[in-house]
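2 protein chains.
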Amino acid sequence: MKLSRLGEDSLLARLLPRLPVGDGVIAGAGDDVAVVHAPGRDHFLLLKTDCVVEGVHFKTAAPPAAIGWKAMMRPLSDFAAVSGLPQFALVTLVIGRSKRSEWVEKIYGGLKRAAARFKVSVVGGETSSTRGPTVISVSVSGFVEKSRWVARSRGRAGDSLFVTGRLGGAGKNKHLRFVPRIEQARWLTEHFSIHAMMDLSDGLAADLPRLARASRLSFQIETDRLPLTAGATIENAISDGEDYELLFAISSRAGDHLRDAWKKRFPRIQLTRIGRLLPLSAINVSPARANRQLKGGYVHFQ
Amino acid sequence: MKLSRLGEDSLLARLLPRLPVGDGVIAGAGDDVAVVHAPGRDHFLLLKTDCVVEGVHFKTAAPPAAIGWKAMMRPLSDFAAVSGLPQFALVTLVIGRSKRSEWVEKIYGGLKRAAARFKVSVVGGETSSTRGPTVISVSVSGFVEKSRWVARSRGRAGDSLFVTGRLGGAGKNKHLRFVPRIEQARWLTEHFSIHAMMDLSDGLAADLPRLARASRLSFQIETDRLPLTAGATIENAISDGEDYELLFAISSRAGDHLRDAWKKRFPRIQLTRIGRLLPLSAINVSPARANRQLKGGYVHFQ
Numbered sequence: 001m002k003l004s005r006l007g008e009d010s011l012l013a014r015l016l017p018r019l020p021v022g023d024g025v026i027a028g029a030g031d032d033v034a035v036v037h038a039p040g041r042d043h044f045l046l047l048k049t050d051c052v053v054e055g056v057h058f059k060t061a062a063p064p065a066a067i068g069w070k071a072m073m074r075p076l077s078d079f080a081a082v083s084g085l086p087q088f089a090l091v092t093l094v095i096g097r098s099k100r101s102e103w104v105e106k107i108y109g110g111l112k113r114a115a116a117r118f119k120v121s122v123v124g125g126e127t128s129s130t131r132g133p134t135v136i137s138v139s140v141s142g143f144v145e146k147s148r149w150v151a152r153s154r155g156r157a158g159d160s161l162f163v164t165g166r167l168g169g170a171g172k173n174k175h176l177r178f179v180p181r182i183e184q185a186r187w188l189t190e191h192f193s194i195h196a197m198m199d200l201s202d203g204l205a206a207d208l209p210r211l212a213r214a215s216r217l218s219f220q221i222e223t224d225r226l227p228l229t230a231g232a233t234i235e236n237a238i239s240d241g242e243d244y245e246l247l248f249a250i251s252s253r254a255g256d257h258l259r260d261a262w263k264k265r266f267p268r269i270q271l272t273r274i275g276r277l278l279p280l281s282a283i284n285v286s287p288a289r290a291n292r293q294l295k296g297g298y299v300h301f302q
Numbered sequence: 001m002k003l004s005r006l007g008e009d010s011l012l013a014r015l016l017p018r019l020p021v022g023d024g025v026i027a028g029a030g031d032d033v034a035v036v037h038a039p040g041r042d043h044f045l046l047l048k049t050d051c052v053v054e055g056v057h058f059k060t061a062a063p064p065a066a067i068g069w070k071a072m073m074r075p076l077s078d079f080a081a082v083s084g085l086p087q088f089a090l091v092t093l094v095i096g097r098s099k100r101s102e103w104v105e106k107i108y109g110g111l112k113r114a115a116a117r118f119k120v121s122v123v124g125g126e127t128s129s130t131r132g133p134t135v136i137s138v139s140v141s142g143f144v145e146k147s148r149w150v151a152r153s154r155g156r157a158g159d160s161l162f163v164t165g166r167l168g169g170a171g172k173n174k175h176l177r178f179v180p181r182i183e184q185a186r187w188l189t190e191h192f193s194i195h196a197m198m199d200l201s202d203g204l205a206a207d208l209p210r211l212a213r214a215s216r217l218s219f220q221i222e223t224d225r226l227p228l229t230a231g232a233t234i235e236n237a238i239s240d241g242e243d244y245e246l247l248f249a250i251s252s253r254a255g256d257h258l259r260d261a262w263k264k265r266f267p268r269i270q271l272t273r274i275g276r277l278l279p280l281s282a283i284n285v286s287p288a289r290a291n292r293q294l295k296g297g298y299v300h301f302q
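If you're matching them up, the sequences are chains D and P in order.
Residue 104 in the working numbering is what sits at position 104 of the first sequence, and the numbering runs on without skipping anything.
Residue 61 in the working numbering is what sits at position 61 of the second sequence, and the numbering runs on without skipping anything.
The following block holds chain D by itself, in its conformation from the complex (with noise of 0.2 Å):
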């Protein structure tokens, strides 16, 4: 059935309660304003939201599954980046007009899968329609222990570099199906001192200097360290973008510990050491002309 056929409101009526609805929810979708239970004085609250555009994000001709699954994932990616907990979402949907009402539910099906696979719950949205490309707009709260939360600005000269998974060619349908590496980034500052992270979605080229910048230090990786995704490239590693891997620096000697303890708990996630940060006197280049260099081919630059 076309969507204008069918009525926005009913179909909001009709979808958002289908959606997971977890624990600490005192009023969610259907009421006006969801009222949910505050994380509590140690913890600091977590916010934020990111939207994908059809023809930007994601091609018109997407499975509508993997899109409304990207759009959920985003987000919560940012979470696993600081080491939080994701547990309430916002979802605007803004459809349009030409859309079937079928192809708006396989996207109601995949925010629902992937806001299940983390435990998030959507307590609220919104849907309108538009002449234009279809929006998927996802806001979400959440939690880190105060203890817990890590910056991308409080890494150390010395500390190892450190990158989960592998790096590259996510326009093949990868960046549709990728897991937030939340459980990771749990684990990792459940057990381990990181002193930065982030998470990789504009590729290293640009995450890498970023990190270094917010820490005022420099970096020096090993490009033929970089752990590649299957058929890509180290420039696809680089600069492709949306790989949603951590990127963290830890001390060089809880790196060596790290890595054996990584193995026996994600025994299939690859977990590689591509470089170090250096004091920013250790290299002549300033992290604008480092992520150039990065971009140029000019990486290995110790």
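What the hints contain is simulated information worked out from the structure, not anything from laboratory work.
Be aware that one or more of the hints could be misleading.
Claimed, not checked - Output of the computed footprint for chain P on chain D, the stretches with three or more beta carbons under 8 Å from beta carbons of chain P:
1. 32 to 46
2. 52 to 58
3. 126 to 136
4. 262 to 272
Unchecked claim - Listed next, with one range per pair, are the computed distances between beta-carbon atoms:
5. S98(P) - R100(D): 23 to 33 Å
6. R268(D) - D42(P): 42 to 52 Å
7. I269(D) - D42(P): 36 to 46 Å
To be verified - DMTMM-like mimics (lysine to aspartate or glutamate), calculated; alpha carbons at most 20 Å apart, straight line:
8. K146(D) - D42(P)
9. K59(D) - E102(D)
10. K146(D) - D23(P)
11. K146(P) - D23(D)
12. K264(P) - E183(P)
13. K146(D) - E190(D)
14. K59(D) - E242(D)
15. K146(P) - D42(D)
16. K174(D) - E242(D)
17. K119(P) - E145(P)
18. K264(P) - D202(P)
Even glycine gets a Cβ: it sits at the ideal position worked out from N, Cα and C.
Starting from the known structure of chain D, arrange chain P on it as the hints suggest.
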């Protein structure tokens, strides 16, 4: 300058930090995730998202500052509805490609002025572009003391029904300029026991039956008492929507005292007793049918 030449990221980087940032923000706009202080165990956390779409919620020719104002104020009005205080906002702008950057800056100006009006910090967001109409999605978090949360569902038979301000005629730019009744709602729950409350966004004919239904009650209103916007008819007051005034239920005895106190505290804002809540058995129509009667003009059905 055309937006496409400016670059979306640089626009966001330039505009977001200009937005107001207040207390409780540990990491905000410019960071991956907003990190803020949690409200604590004696409060509920409130979450709300609302979007405005060009051609649906505002005309293309509307003043951009007013569009930004409305985009921020719509979710804030829902905080008034539950006697909550908004604190943090995330703003997603999906901008039509033909728009000029000056237009976008004026939208941000409106968002900023609206956020500042209620000391809301804009702690993150995203911009993207679209071939279609512009979409602005604003997600807001805040809190309410557990003891002061007002739902729709606790109205009691015999309660007086009040509305703030004047109803109807929102189409004539009133909908672009309204100020959510947050201060009034906070004052009400500080000094009175409010049984049920909501904000009038869809019009009395749609909203009042919702409150009655949530409270499992019927209602009776006297249409000749409705406070009308200058130039508006009773039909406008019932059906136009977008008034963003408060509708609430209070015991009839407290209601008499309330009127005197309100007049002293808010001398410029009308407060009108428009009717009362009744047991379901008192009127031989369902809330759904009452809704239809209200729409059809048979409102005064006592």
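Evaluation of the provided hints:
1. 32 to 46: holds (count 14)
2. 52 to 58: Satisfied; 4 residues make the cut.
3. 126 to 136: holds (count 8)
4. 262 to 272: violated (count 0)
5. S98(P) - R100(D): 23 to 33 Å: holds (28 Å)
6. R268(D) - D42(P): 42 to 52 Å: holds (44 Å)
7. I269(D) - D42(P): 36 to 46 Å: Once the Cβ atoms are compared, 41 Å apart, the range 36 to 46 Å for D42(P) and I269(D) holds.
8. K146(D) - D42(P): Within the cut-off at roughly 19 Å; holds.
9. K59(D) - E102(D): Given pair K59(D), E102(D) holds - Cα atoms ~17 Å apart, limit 20 Å.
10. K146(D) - D23(P): holds (17 Å)
11. K146(P) - D23(D): holds (17 Å)
12. K264(P) - E183(P): holds (14 Å)
13. K146(D) - E190(D): holds (13 Å)
14. K59(D) - E242(D): Within the cut-off at roughly 15 Å; holds.
15. K146(P) - D42(D): This hinted pair holds, its Cα atoms lying about 19 Å apart.
16. K174(D) - E242(D): Holds - the C-alpha atoms of E242(D) and K174(D) are around 8 Å apart, at most 20 Å.
17. K119(P) - E145(P): Given that 20 Å is the threshold and the Cα spacing comes to 18 Å, the pair holds.
18. K264(P) - D202(P): violated (30 Å)
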